[in-house]
Structures are given as structure tokens and as C-alpha cells.
Amino acid sequence: MSDFPAYDVGTVLPTLEIPLDRTTIVATAIASQDFEDVHHDPGKAQGRGTPDIFMSINSTNGFIDRYVTDWAGPNGQIRKVSLRLGVPNFPGDVMTMTGEVVAVRQAEAPGGADEVEIKVVGRNSQGPHVTATVVVAPYRREGAAR
Amino acid sequence: MSGPETDALHAQLTAFVGQQAEPDRVSRYAVNEAMIRNWVEAHEDENPIYVDAGAAAATGRASVICPPAMASTWVMSGLKRYREVQRLRAEGVQEDFAYSRMLALLDEHGYTSVVATDLEQSYLREMVPGDRIRCEFTIEAVSPFKQTGLGHGCWITLLKRYVNQHDELLVEERFKLLRFDPTQKKAVAS
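If you read the sequences in order, they're chains E and G. Note that this note's numbering gives residue 103 to position 103 of the first sequence, counting from 1, and the numbers run on in steps of one. To get this note's numbering, take the position in the second sequence, counting from 1, and add 1000.
Some hints could be false.
Chain G regions said to be covered by chain E (calculated; three or more residues, Cβ under 8 Å) [stated by the list, open to error]:
hint: 1; segment: 1008 to 1018
hint: 2; segment: 1117 to 1126
hint: 3; segment: 1160 to 1168
Taking CB as the label site, the calculated pair distances span [unchecked claim]:
hint: 4; chain 1: G; residue 1: Ala1057; chain 2: E; residue 2: Gly112; range: 15 to 25 Å
hint: 5; chain 1: E; residue 1: Thr98; chain 2: G; residue 2: Ala1034; range: 41 to 51 Å
hint: 6; chain 1: G; residue 1: Lys1080; chain 2: E; residue 2: Ala6; range: 22 to 32 Å
hint: 7; chain 1: G; residue 1: Arg1125; chain 2: E; residue 2: Glu17; range: 27 to 37 Å
hint: 8; chain 1: E; residue 1: Glu17; chain 2: G; residue 2: Arg1087; range: 20 to 30 Å
hint: 9; chain 1: G; residue 1: Arg1081; chain 2: E; residue 2: Gly10; range: 45 to 55 Å
hint: 10; chain 1: E; residue 1: Gly112; chain 2: G; residue 2: Leu1169; range: 29 to 39 Å
hint: 11; chain 1: E; residue 1: Lys119; chain 2: G; residue 2: Glu1041; range: 35 to 45 Å
These are computed hints drawn from the structure, not numbers from a lab. Using N, Cα and C, we set each Cβ at its ideal position, and we do this for glycine too.
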């Protein structure tokens, strides 16, 4: 078996701080081909009732991938993400990501992989930006991700 | 907007539930390493399996893989089409797809703003360079109207199924968004 961190229930993931600079918010939106003005144009964002541009949901999802695989390593395979957004990520703030293993499901078949369920929260200065549940497993070549 | 009026609008919106939202979205290009690299650099994601074939091979994978959260990127319409859609919307031209008819109906009643609130993705198969992705969209649910901190509005849930060129299911997604009227913003928290 390749390297994968210990994943007992209660295992706490290292905290990660993401500085929310304007360039990061715009670059991640454009990298995902999301041209909605609320993710890059402050004037139009204000016209839509928010004080500034804010991070897109897909960008937040990308930071969740990063946070979980920073911990799980290259052998981690993300199988499921469920996320709910709270307060927006505005430029100039910092999102602090924390995570904890909340459940482990044993592999169903020999040679299969255990599934590790992690609760992830990303908070900025206004409160929780995202609350997510992520299922990650050690990568298995055969029957991977089934 | 008053209760009976929103009830009537909600009933009209509910008629769209279960319908194909719009024609399948087909990726403009195959999953590729350049787009993946731009994404991981923007996210400052150092996981080597997205960019380094050797590191991916060391985990038993046949090639680099695409970050799971990038699924929707492959079926985005691109800036040219985005501008066309914006122009049509500004001109009040309505495309004859269930989802565009539904959004036009919301626009008419002042529910012009949108914010994504929930996302659920199950990854059934890793996406790899060369995959040609197609996405099927279904309008799965419409909530009743309520007052939110952003404005009065309702939630729409879209079911999206991402498949490859062999019609193998890669990702199943539920995407929930709030469509709201920013002018109906009372001092309410919810």
C-alpha cells in the first residue's frame, strides 16, 4: 500500500490559511472559465447587491480539494464533496481551513479501500464561508473510484 | 411581491421540474494538461498528480489526472458564448430551452440576481487528459419563495451528469442556486 496518513476518527487536519487576494479570486474564476461579473468586476458586483467581487463556488471547491490532498497526499482519491456556502469570500480577507476525520467506512471488498469522511470548514473574518463533507480514500488502481 | 403572486409564480416554476434544462453541454476541447496547470497554479495546489506524470505513475495511475473540482470547467461555454447569452438576455430574447424559459420568467418578476449556495459532487471515475466530456442537465427541484439576507427569492437545484466519450459516468452533481431580487432586501436574516 502506498503512503496515506493515519485516519482514525478524530484525526485533525493541519490548518491552512488562504489569503483571499483579488488576483486569486479572479484567477481561479477564469481558470474555471467562469465569466460571471460578480467574480471579477467590482462595479457590477455592487450593482447586484454585494459590496465587492467574491470567490466562485467552483473555486471554493478547488480549495477544498487542495486542503484535503495537502493532508492525504498524492495517493488520496477524492470520491465525494458536499459543500454549503455561508458568507462570501471577499478580497482582502483570509480563509482559514480546518478539518477533522468524522467517520471511516471499511472497504467492502478485499483489495478495496477504506473511505475516510472529513468535515471541512473554511472561515473568514465574517464567519463560516464553507462547510463541507469530503470522502477521500487511498487510491487503488483496480476498481478505482467505483 | 405578495404571497398569492409568488405562489402563482412558484406553480409556474414547478412545471419545469424533471425537464432537461438545456441541450447537453459538450466540451469545446478534450481534458488537457494546459487547462489543468492553469487551475492548479491559480489554487496554488501542489499535489503533483495533476501536473507530473511520474508522480501520478508512482501512485499507480496511468497519467496525470484532472482535479475533481474542475469537472464543470470542461463544459463551460467560453467567453464568446457567454457574451452572446448576456446579449440575448439583455435584449429579452429567450432561447427555447426549459432552463432559459425558467430564468426569463424569474427575470420578468425581478428575480435577476443569482448566487450558488450548495454543491454536491460524486466522483465515479477520475478525469484524465484526452477525455471528451459531455454534461446532461436536469431541473431537479424548485423551492418555495422566501425572504433571505440577500433578497426575496427561491432555490433551484440542477442535476448534472458528466460522462466521457464512452458514455461512462464520471461525476454526478447537484448544484443549488438562489435566484433573488436584490431590491426586496428587508432587514431579515436567514
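A quick look at each hint next to the structure:
With 0 residues having a beta carbon nearer than 8 Å to a beta carbon of chain E, the segment 1008 to 1018 of chain G misses the requirement of three or more and the stated coverage is violated. Interface restraint, the segment 1117 to 1126 of chain G with chain E: holds (10 residues with C-beta to C-beta distance below 8 Å; minimum three). Residues of the segment 1160 to 1168 of chain G with a Cβ under 8 Å from some Cβ of chain E number 0, which does not satisfy the need for three, so the listed coverage is violated. In this structure the supplied range 15 to 25 Å holds for alanine 1057 of chain G paired with glycine 112 of chain E, their Cβ-Cβ distance being about 22 Å.
Between threonine 98 of chain E and alanine 1034 of chain G the beta carbon distance is about 33 Å. The supplied range of 41 to 51 Å is therefore violated. One distance hint, 22 to 32 Å for the beta-carbon pair lysine 1080 of chain G and alanine 6 of chain E, is violated here, with the actual separation near 49 Å. Between arginine 1125 of chain G and glutamate 17 of chain E the C-beta distance comes to about 33 Å, which sits within the given range of 27 to 37 Å. Remark: the range hint 20 to 30 Å for glutamate 17 of chain E to arginine 1087 of chain G is contradicted by a beta-carbon distance near 41 Å.
Range check, arginine 1081 of chain G to glycine 10 of chain E: about 48 Å between beta-carbon atoms, so the 45 to 55 Å window is met. Taking 29 to 39 Å as the suggested C-beta distance range, the pair glycine 112 of chain E and leucine 1169 of chain G does not conform, at roughly 19 Å. Judged by the Cβ atoms, the range 35 to 45 Å given for lysine 119 of chain E and glutamate 1041 of chain G is violated: they are separated by roughly 28 Å.
In summary, the numbered hints that this structure violates are 1, 3, 5, 6, 8, 10 and 11.
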